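Undergrad: Protein chains in written order, with the working numbering: chain A, 1 to 436; chain B, 1 to 266.
A portion of the hints provided could be inaccurate.
[What the hints assert, rightly or not] Think about it this way: if two alpha-carbon atoms lie no more than 20 Å apart in a straight line, the pair counts; the simulated EDC-like pairs of lysine to aspartate or glutamate are:
1) B/Lys92 / A/Glu402
2) B/Lys118 / A/Glu79
3) B/Lys118 / A/Glu313
4) B/Lys119 / A/Asp158
5) A/Lys433 / B/Glu65
6) B/Lys216 / B/Asp41
7) B/Lys251 / A/Glu85
[To be verified] Residues on chain A that point at chain B, a partial pick, calculated with CB under 8 Å:
8) Tyr116
9) Ile131
10) Asp213
11) Ala214
12) Gln372
13) Ser435
Honestly, the hints are just simulated from the structure, not real lab data.
From a predicted model like this one, the values you see are computed outputs, not experimental measurements.
Think of the CB as a built atom: it goes at the ideal place given N, C-alpha and C, for glycine as much as any other residue.
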Amino acid sequence: MTRMTQIFADFNFMFFIRVHPRDPRNPRAIRFWGALILLLPTTLLAADIEPQGFVDTYHAVRLHDPCDYLSSRTRLRLEMWVTGEEASLFASMNAIHNNVIPSDSGMEFREAFMDYTAEKWDLRIGRQIIIWGKADGLAITDIISPKDYTESLARDFDDIRLPVDALRGRLLFDRANVELLWLPVFRPAILPPPGTPWAFKYQLPDSIKTEFDAPIEPDLSLKNSELAGKAAFYLSGIDFAVSAFYTWDDLPTAHRTTTSEDDSTLVHTHPEHHRLTFVGAEFSMPWRDFVVRGEAAFYKGRYFEPDDPCSEELFKRHALSGMIGLDWTPGNDWSLTAQLADDFIMDYDNAIASDEHTMLTTLNVSKQLFRQTLTLSSMGYFGINEGECFLRSSAEYALTDEMHVSVGLGLFFGDEGMMGQYEDNDEVWMKAKFSF
Amino acid sequence: MARKIVLLCLTFLLMTSGFIGPACAQSAELTGRDIALKVYDRPDGDDQRGIMHMTLINRRGRTRERTLLSFSKEYGKDSKSLMFFQSPADVKGTGFLQYDYDDPDQEDDRWLYLPALKKVRRISGSSKNDYFMGTDFTYDDMGNRAVEEDHHKLLREEEVDSLKCWVLESTPKDEDYMYSRTVRWIRQDALLPVKVEFYDRHGNLLKALTIPDIRKQDGFWAMFRMEMDNLQEKHKTILEIEEIHYNVGLKDNLFRVSTLERGRIK
Numbered sequence: 001m002t003r004m005t006q007i008f009a010d011f012n013f014m015f016f017i018r019v020h021p022r023d024p025r026n027p028r029a030i031r032f033w034g035a036l037i038l039l040l041p042t043t044l045l046a047a048d049i050e051p052q053g054f055v056d057t058y059h060a061v062r063l064h065d066p067c068d069y070l071s072s073r074t075r076l077r078l079e080m081w082v083t084g085e086e087a088s089l090f091a092s093m094n095a096i097h098n099n100v101i102p103s104d105s106g107m108e109f110r111e112a113f114m115d116y117t118a119e120k121w122d123l124r125i126g127r128q129i130i131i132w133g134k135a136d137g138l139a140i141t142d143i144i145s146p147k148d149y150t151e152s153l154a155r156d157f158d159d160i161r162l163p164v165d166a167l168r169g170r171l172l173f174d175r176a177n178v179e180l181l182w183l184p185v186f187r188p189a190i191l192p193p194p195g196t197p198w199a200f201k202y203q204l205p206d207s208i209k210t211e212f213d214a215p216i217e218p219d220l221s222l223k224n225s226e227l228a229g230k231a232a233f234y235l236s237g238i239d240f241a242v243s244a245f246y247t248w249d250d251l252p253t254a255h256r257t258t259t260s261e262d263d264s265t266l267v268h269t270h271p272e273h274h275r276l277t278f279v280g281a282e283f284s285m286p287w288r289d290f291v292v293r294g295e296a297a298f299y300k301g302r303y304f305e306p307d308d309p310c311s312e313e314l315f316k317r318h319a320l321s322g323m324i325g326l327d328w329t330p331g332n333d334w335s336l337t338a339q340l341a342d343d344f345i346m347d348y349d350n351a352i353a354s355d356e357h358t359m360l361t362t363l364n365v366s367k368q369l370f371r372q373t374l375t376l377s378s379m380g381y382f383g384i385n386e387g388e389c390f391l392r393s394s395a396e397y398a399l400t401d402e403m404h405v406s407v408g409l410g411l412f413f414g415d416e417g418m419m420g421q422y423e424d425n426d427e428v429w430m431k432a433k434f435s436f
Numbered sequence: 001m002a003r004k005i006v007l008l009c010l011t012f013l014l015m016t017s018g019f020i021g022p023a024c025a026q027s028a029e030l031t032g033r034d035i036a037l038k039v040y041d042r043p044d045g046d047d048q049r050g051i052m053h054m055t056l057i058n059r060r061g062r063t064r065e066r067t068l069l070s071f072s073k074e075y076g077k078d079s080k081s082l083m084f085f086q087s088p089a090d091v092k093g094t095g096f097l098q099y100d101y102d103d104p105d106q107e108d109d110r111w112l113y114l115p116a117l118k119k120v121r122r123i124s125g126s127s128k129n130d131y132f133m134g135t136d137f138t139y140d141d142m143g144n145r146a147v148e149e150d151h152h153k154l155l156r157e158e159e160v161d162s163l164k165c166w167v168l169e170s171t172p173k174d175e176d177y178m179y180s181r182t183v184r185w186i187r188q189d190a191l192l193p194v195k196v197e198f199y200d201r202h203g204n205l206l207k208a209l210t211i212p213d214i215r216k217q218d219g220f221w222a223m224f225r226m227e228m229d230n231l232q233e234k235h236k237t238i239l240e241i242e243e244i245h246y247n248v249g250l251k252d253n254l255f256r257v258s259t260l261e262r263g264r265i266k
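Construct the entire structure; sequences and hints are all you get.
TA: Listed below in structure tokens is the structure:
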């Protein structure tokens with residue numbers, strides 16, 4: 001099941017989950033890495049030092065009463081490469097001030113890894129973002145780095161991947177890579193904090209009272225490591241890959257204990273992350289001005305929530321997900337992308353909250369104008385099951401090579417589901433970014 | 001971005017090099033097609049490494065800059081190319097890998113790496129009529145247009161800056177092509193153009209390319225500076241080769257998707 005659809009299909013328990021307490025915005029670590037990045041004694045290193053980064057500021061206002069801010073944040077990203085002949089180091093950090101979601105503010109230690117590259121193999125060790133898959137804006141095989149849904153769909157998909165601590169080794173061939181990953185520490189997805197504009201909305205009858213525990217996560221131990229492998233082939237006319245991942249579900253399962261008292265019911269929820277085995281495949285195939293892309297994933301034994309909010313029953317089922325997409329670049333700076341995704345629960349039970357099939361389509365159109373200084377684009381997500389839609393349109397103008405400004409609209413249609421729940425969050429937004 | 005990067009490495013190779021060959025045959029014995037073939041087939045080394053800088057100047061004098069690091073290697077009639085953007089900052093680290101096949105029935109393989117996405121994408125063949133990264137050069141302008149796509153006519157011989165040139169007119173067989181004709185002044189010693197005029201579909205002069213700096217490098221002729229004036233849009237692009245080296249012994253493992261995925265190159 002794609003993370004994007006899974007997360008909303010099961011949102012009946014998500015509204016209580018807080019930002020993860022082990023989120024690595026640890027001030028002490030941030031100070032250390034900040035000092036390292038800024039004060040590294042470059043003269044002592046026989047290597048090239050390349051600092052880079054950006055500042056961006058993003059603000060979104062609700063189009064309906066009370067016209068409040070749905071997002072308001074400013075970020076400084078510092079990045080640095082230190083490059084030797086065969087080994088190199090990369091480090092990056094964020095300093096964020098978020099006016100709407102204070103828990104998002106702070107210094108964030110983002111990535112820090114070392115590369116060693118030989119002729120036939122390479123190693124990457126440290127905190128890193130790992131991206132698999134061929135889809136845009138959908139995570140079917142892209143499940144190594146968990147996602148940050150703090151602002152749900154309103155944040156650029158490129159910004160929502162969270163780094164993980166990992167050791168990655170690859171065997172390198174001319175037309176193929178074989179990749180092995182060891183993730184010693186589990187990291188869960190981050191969900192929208194309760195009380196914020198992007199918190200998941202879920203209405204329970206007044207007769208149901210709820211209590212929630214913090215999610216139970218796997219202990220820090222070797223046996224709780226995650227392991228992954230992938231073989232990728234880059235052949236003439238087609239790329240394809242097969243992959244497997246022995247992991248933990250990034251999203252906790254809501255185990256419930258129900259107690260009836262007079263005319264009310266108390267539902268005590270104690271969420272827990274469970275082991276999950278994943279097998280996936282992906283391909284990408286160009287033809288003239290088109291590229292056909294596809295992904296498929298099999299999830300062995302995933303937990304699904306019951307439709308009845310008072311039920312203690314959980315459903316452990318195998319699930320399949322698939323995506324087929326088409327990119328078309330007809331020239332004259334036009335670009336069009338369409339995707340269709342389906343999540344399928346095997347051995348389905350009607351008591352499961354999610355539908356047996358959950359179908360989603362996406363459509364992206366973009367056009368560049370004025371010597372490619374102005375980019376107009378529109379991305380639409382369409383949920384077929386609930387008849388819902390999220391449309392995000394933008395105009396980005398390059399004032400200079402370094403500074404870009406953007407304005408846009410985010411519109412939600414529908415009453416229910418992953419996008420329809422935000423029908424009151426239609427927004428107009430602006431963004432400015434300076435890269436250095 | 002994907003649309004903007006295709007073909008660049010290969011064209012970089014083609015546009016900057018020319019073999020220092022023996023003196024050319026007399027034009028009286030040559031047809032226009034013969035000259036076009038000589039230019040297209042000129043040897044240019046087994047591999048090359050270079051740095052290219054582009055300056056875009058609009059009608060108000062405002063400038064934008066792009067810098068590219070490029071590697072190319074030939075495998076018989078096929079070739080492999082790799083490039084990374086070094087500037088501007090918003091595209092720094094963007095990389096492109098291409099396997100170019102001589103067989104017209106085999107589509108070239110192309111991959112693009114976008115550092116913001118940290119992901120390599122397979123991309124399709126870009127429209128050769130699109131302008132590259134906001135410059136005044138289309139992909140076809142930059143060198144790899146097949147000889148058979150045009151009719152070629154030798155107009156005359158004349159001297160440009162005391163250098164003997166063939167004046168070659170090429171008319172596209174495809175009537176929908178963006179130019180109705182091009183006229184090239186080709187240096188007979190270097191087999192490289194010193195001046196090119198591009199005419200739009202209505203027969204009006206659209207762009208003028210001048211190449212004031214052609215020099216030998218590592219035994220090959222190379223174009224070190226090109227100035228493309230878009231006369232209709234009052235926009236100009238200056239393309240300078242900051243560094244170019246031929247036959248440097250590039251390793252085969254440089255031209256892998258895994259190199260792109262690292263997002264950089266030493």
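Undergrad: For each hint, tell me whether it holds in the structure or not.
TA: A quick look at each hint next to the structure:
1. Restraint check for B/Lys92 and A/Glu402: satisfied, since their Cα atoms lie roughly 11 Å apart, inside the 20 Å limit.
2. In summary, the hint linking B/Lys118 to A/Glu79 is supported, as the alpha carbons are separated by about 14 Å, within the 20 Å threshold.
3. Distance check on the hinted pair: B/Lys118 and A/Glu313 sit about 40 Å apart at the alpha-carbon level, beyond 20 Å; violated.
4. Only pairs whose Cα atoms come within 20 Å are accepted, and B/Lys119 paired with A/Asp158 is accepted, the gap being roughly 10 Å.
5. About 18 Å separates the Cα atoms of A/Lys433 and B/Glu65, which keeps this hinted pair within 20 Å; it holds.
6. This hinted pair checks out: B/Lys216 and B/Asp41 have alpha carbons roughly 18 Å apart, not beyond 20 Å.
7. With a CA separation close to 14 Å, the supplied pair B/Lys251 and A/Glu85 stays within the 20 Å bound.
8. The interface hint given for A/Tyr116 is violated, since its Cβ lies 11 Å from the closest Cβ of chain B, which is over the 8 Å cut-off.
9. Checking A/Ile131 against chain B by beta carbon gives a least distance of about 5 Å; that is within 8 Å, so the hint holds.
10. Violation of the interface hint for A/Asp213 is found here, the shortest Cβ-Cβ separation to chain B being roughly 35 Å, above the 8 Å cut-off.
11. The closest approach between the C-beta of A/Ala214 and any C-beta of chain B is roughly 31 Å, which is over the 8 Å cut-off, so the hint fails.
12. Against a cut-off of 8 Å between C-beta atoms, the interface hint on A/Gln372 holds, since the closest Cβ of chain B lies about 4 Å away.
13. The closest approach between the C-beta of A/Ser435 and any C-beta of chain B is roughly 4 Å, which is under the 8 Å cut-off, so the hint is satisfied.
Comparing the model with each numbered hint stated earlier shows that hints 3, 8, 10, 11 do not hold.
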